[in-house]
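> The hints should help you fit chain B onto chain A, whose structure is shown.
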Amino acid sequence: MSAPRRSWLLRGKPLENRDEAPPGGVTEVVNDGAPDIEVVARVLGGDGEAFGILIRRYEPGLLRFATRMLGNPDAAADAVAESLVRAYRHLAQCRDPGRLRSWLYRITGNRCRSHLARRHSNDISLSDVPAPALADSSDTWAVLERGEQVALVERALAALPAEKREAFVLKHVEGMSYEEMAAATGARIPTLKMRVHRAREALLAALEEVVR
Amino acid sequence: MSPIDQRLQEALDGERDPGDLPTDLRESYALLSAAAQMLKAMPPVSVASRVMAEIRQNPAPVQSEGPARRLIRWLRGGRAVTVRLRPVWTLALAAGLATVLLLPWSDGLPTPGVAQGIAKFVGHFPGARSVEVVGSFNDWSRGALALNDDDHDGIWHADAVLPAGQHEYMFVVDGERWVPDPLADRYVDDGFGAGQQNSLLIVRPVSAQP
Chain A
1171 MSAPRRSWLL
1181 RGKPLENRDE
1191 APPGGVTEVV
1201 NDGAPDIEVV
1211 ARVLGGDGEA
1221 FGILIRRYEP
1231 GLLRFATRML
1241 GNPDAAADAV
1251 AESLVRAYRH
1261 LAQCRDPGRL
1271 RSWLYRITGN
1281 RCRSHLARRH
1291 SNDISLSDVP
1301 APALADSSDT
1311 WAVLERGEQV
1321 ALVERALAAL
1331 PAEKREAFVL
1341 KHVEGMSYEE
1351 MAAATGARIP
1361 TLKMRVHRAR
1371 EALLAALEEV
1381 VR
Chain B
73 MSPIDQRLQE
83 ALDGERDPGD
93 LPTDLRESYA
103 LLSAAAQMLK
113 AMPPVSVASR
123 VMAEIRQNPA
133 PVQSEGPARR
143 LIRWLRGGRA
153 VTVRLRPVWT
163 LALAAGLATV
173 LLLPWSDGLP
183 TPGVAQGIAK
193 FVGHFPGARS
203 VEVVGSFNDW
213 SRGALALNDD
223 DHDGIWHADA
233 VLPAGQHEYM
243 FVVDGERWVP
253 DPLADRYVDD
263 GFGAGQQNSL
273 LIVRPVSAQP
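From first to last, the protein sequence lines are chains A and B. Take 1171 as the starting number for the first sequence in this note's numbering and just add one per residue. Take 73 as the starting number for the second sequence in this note's numbering and just add one per residue.
Fair warning: there could be bad hints in the mix.
To be verified - Sample of chain B residues facing chain A (criterion: CB under 8 Å; computed from the structure):
(1) P75
(2) I76
(3) V119
(4) E126
(5) I127
(6) L272
Hints in this document: simulated from the structure, not taken from any laboratory. Idealized CB from N, CA, C, for every residue including glycine.
Bound conformation, chain A alone (with noise of 0.2 Å):
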């Protein structure tokens, strides 16, 4: 099993940290484009079209974000179907549209737990989560290596406790800074540390004993 382990060392990159808030202020342009104060002003004033923009602009992050929570596609995309519609009819609530994207993730954060609660776990069932493949000579080593990696991740994160999953993706998948993690989950930072550096430990584990 050493070969999958030296390909990800080759493919690895250097996680993201982004501990300070953006530069400008706290406000995310993902796009081109007006900053999320002037389009949420918009949408306020009348525009209701405006808020495509936003949603153009966060529904990949959100999108991904509730993947990794739910570990299904559909249930995430029905969450982050209902939390964006819900932003939208409660916009006015958004006391700080300069931190709309943690105010969005606080949202989509809660309609996943609402998810898992329904499903009386808060951890995703590793039948939601496809498991590797098994090699076919029929394919490329690259692609089936690519796969199976992949899933074993999947598997790995999907195994964490749900508060640990979501303190991992959102630093380190998101790239939200330790701030921006406080203000979507609503945790203090102290606690979200924690829960990083223990999701961390048990990823390692678990991906040291399948390469190992």
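Okay, now just chain B, sitting in the frame of chain A:
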């Protein structure tokens, strides 16, 4: 599961150069980095059209709607009415507000139905230019329910006919400052901001009043 070496945690938190790590920790760093990279793949789906269709079908009231129009729409909304009981007020505001609370503020309101009551909102905001109430009962819409301070003593008040049950609400002072009611019966997490709370209003139907 054993604790990760603190140096590795620091590198993963961006507080230490991963190049300075010993070889075994560098491998662990690379393993976790690669795992995170794999999880960054974007789902090949979009809910944008679905969300926009929902929004176009049921557009939410936004701030562009005038206060009078909002108030008319809200009052015509077929809501039930409730009476709000706030015994804490009378204790907390004893002397200063006691007289004010006894004023007949309900004049001019529609007669509450069986499952409705009259909610009395009172707040002490000296120097405020405007105070309004937004809440779950009016879709958190600005401009729908303004408080008045006709005698300029800093005590703002308004009555409203509301459905029986629980309602979350906030005061909006001077059009920009959202504040919970310091004398609310209860508070609940607003589900949006970090640790922010909404005030909770519990309204009893008029038919249940003694």
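> Hint by hint, say whether it matches the structure.
Against the structure, the hints:
1. At a threshold of 8 Å, the smallest CB-CB gap from P75/B to chain A is about 6 Å, leaving the interface hint in force.
2. Nearest Cβ of chain A to the Cβ of I76/B: about 5 Å, under the 8 Å cut. The hint holds.
3. A cut of 8 Å between beta carbons decides the hint on V119/B: the least distance to chain A is about 4 Å, and the hint holds.
4. Because the beta carbon of E126/B sits about 5 Å from the nearest beta carbon in chain A, less than 8 Å, this interface hint is met.
5. Proximity of I127/B to chain A holds as hinted, the smallest CB-CB distance being about 5 Å (cut-off 8 Å).
6. At its closest, the beta carbon of L272/B sits 15 Å from a beta carbon of chain A; the interface hint therefore is violated under the 8 Å criterion.
Checked against the numbered hints listed earlier, the structure breaks hint 6 alone; every other hint is satisfied.
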